[in-house]
Amino acid sequence: MNSSEFQKNLLPELPHLRRFARALSGDAALADDLVQDCVERALKKQHLYDSTRPLRAWLYTILRNIHISHWRQAAPWGQMKNIDDMEGFEGAIEAAQEHNLSLSLITQALDHLPPQHREVLVLISLEEVSYREAAEIIGVPIGTIMSRLSRARSTLQKLLEEGGTTVLRVVK
Amino acid sequence: MFETVENWALHAYADGELEGDDKKAVEALLARDEAARKVVASFAAQKQQLHRAYDAVLDEAVPASILAAAKGRSLPRLHWVTSLVAGLALVGLGTVLGLGVSQHFEQVQQASLANRAVVAYQTFAPEVRHPVEVAADDQDHLKAWLSKRIGTEIKIPDLQEAGYTLLGGRLLAEEDHPAGQLMYEDANKKRLTIYLTANTGAKEQALVLADNGGLVTCYWRDGALAMAISADMPHDAMMTLAKDIYEQMDAKG
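Chains A and B are the protein sequences, given in the same order. Using the working numbering, the first residue of the first sequence is number 1, and each one after it goes up by one. Using the working numbering, the first residue of the second sequence is number 173, and each one after it goes up by one.
Please keep in mind that the hints were generated in silico from the structure rather than gathered at the bench. Wrong hints could be hidden among the right ones.
[What the hints assert, rightly or not] For lysine-lysine, the following BS3-like pairs were computed, each having C-alpha atoms within a straight-line distance of at most 30 Å:
#1 K8/A with K45/A
#2 K415/B with K8/A
#3 K243/B with K327/B
#4 K361/B with K158/A
#5 K415/B with K243/B
#6 K210/B with K158/A
#7 K8/A with K243/B
#8 K361/B with K327/B
#9 K315/B with K44/A
#10 K45/A with K195/B
#11 K415/B with K375/B
#12 K195/B with K243/B
#13 K219/B with K243/B
#14 K210/B with K8/A
#15 K320/B with K45/A
#16 K45/A with K196/B
#17 K196/B with K243/B
#18 K210/B with K243/B
#19 K196/B with K158/A
#20 K44/A with K8/A
#21 K415/B with K44/A
#22 K195/B with K158/A
#23 K315/B with K361/B
#24 K44/A with K320/B
#25 K327/B with K210/B
#26 K362/B with K327/B
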């Protein structure tokens, strides 16, 4: 694929990259910064793109790596030792209960997931990539993807239910 | 009952990862187990909620800075614009410019760019008999003249697609440097101006939208030019038009 072809193929991916970035980061301005960084990096490294792989998955990999380098620097989650060894997320749920989850419950609930769970959930439930693609994007075995997905979904479900109850209490 | 092995199978089933016998086995489980059905339904509900929350992003216009980056040309970031367009802070000019903290000097520059564009609009857009000095039928001369006086090559964007016809343009006297104004008009005689001046600070500035009591101005600094578009139109229409103008100005040739 030559450079102008690559650029042409890049354009239709931009809306998807923006959605992925928005759901990953939860912040519109930050998300567009991520997309811009991602696009710049993709153009610079286009010679590394393996065209047997879907372009979108490759772009998601780049965007996700940039995102990760941000939260490793900034987020308290970055200090966690091994996310896959942890049991449940009672702490996250309690923290969420303290907030009023009345507005856009799902986006707020996402903010309470550890990023390692959030990215798997977003890739699979929103971007609808396969488990194998998710494993390639994140660079972990499929089993890890499934375990994180399962934890993400059950935490999210609890958050949504707890959040819903909070809303009902507030409405009364 | 569907703990352990079957728990992941429910996820895999919900995500379309199962085929053949594995898929049939889960379908058989779902047929007899209400709890399993509920679990699978909860995955689908989460998926639906995620789409409802984020799919709107797919229909949004991609910001100019990202489009430029995708074409291999990077622009300054669009922080202000994205938040403005998201409708978070559609306020008066002064407030918009007060948003930043550490960019006082640039803000003063920007403020004067937007303010001068607004003043020029308010002065000449209501003109019935003499809206322009050089009319559209002398467009080549207008382009050459303004380029020479402003000191950098300008282009006269074609806004027919957006419904605006070029009336012509004029030279403006400014404190430090000559500026130009291009004037357009739509079928309802509503006017739009493009204010052009040399980007003397050589600073780049992404598109910023300012609403000055109905008169919307979108301005930026890119390369040798600083520009401001002013018209009475909705913010999203202005952003679309401004991006179009930006691209026309930036196009080669």
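Evaluated hints:
{"no.": "1", "hint": "K8/A with K45/A", "result": "holds, 16 Å"}
{"no.": "2", "hint": "K415/B with K8/A", "result": "holds, 19 Å"}
{"no.": "3", "hint": "K243/B with K327/B", "result": "holds, 21 Å"}
{"no.": "4", "hint": "K361/B with K158/A", "result": "violated, 58 Å"}
{"no.": "5", "hint": "K415/B with K243/B", "result": "holds, 14 Å"}
{"no.": "6", "hint": "K210/B with K158/A", "result": "holds, 14 Å"}
{"no.": "7", "hint": "K8/A with K243/B", "result": "holds, 9 Å"}
{"no.": "8", "hint": "K361/B with K327/B", "result": "holds, 23 Å"}
{"no.": "9", "hint": "K315/B with K44/A", "result": "violated, 36 Å"}
{"no.": "10", "hint": "K45/A with K195/B", "result": "violated, 40 Å"}
{"no.": "11", "hint": "K415/B with K375/B", "result": "holds, 19 Å"}
{"no.": "12", "hint": "K195/B with K243/B", "result": "violated, 44 Å"}
{"no.": "13", "hint": "K219/B with K243/B", "result": "violated, 33 Å"}
{"no.": "14", "hint": "K210/B with K8/A", "result": "violated, 44 Å"}
{"no.": "15", "hint": "K320/B with K45/A", "result": "violated, 41 Å"}
{"no.": "16", "hint": "K45/A with K196/B", "result": "violated, 44 Å"}
{"no.": "17", "hint": "K196/B with K243/B", "result": "violated, 48 Å"}
{"no.": "18", "hint": "K210/B with K243/B", "result": "violated, 47 Å"}
{"no.": "19", "hint": "K196/B with K158/A", "result": "holds, 29 Å"}
{"no.": "20", "hint": "K44/A with K8/A", "result": "holds, 15 Å"}
{"no.": "21", "hint": "K415/B with K44/A", "result": "holds, 24 Å"}
{"no.": "22", "hint": "K195/B with K158/A", "result": "holds, 27 Å"}
{"no.": "23", "hint": "K315/B with K361/B", "result": "holds, 23 Å"}
{"no.": "24", "hint": "K44/A with K320/B", "result": "violated, 37 Å"}
{"no.": "25", "hint": "K327/B with K210/B", "result": "violated, 62 Å"}
{"no.": "26", "hint": "K362/B with K327/B", "result": "holds, 22 Å"}
Checked against the numbered hints listed earlier, the structure breaks hints 4, 9, 10, 12, 13, 14, 15, 16, 17, 18, 24, 25; every other hint is satisfied.
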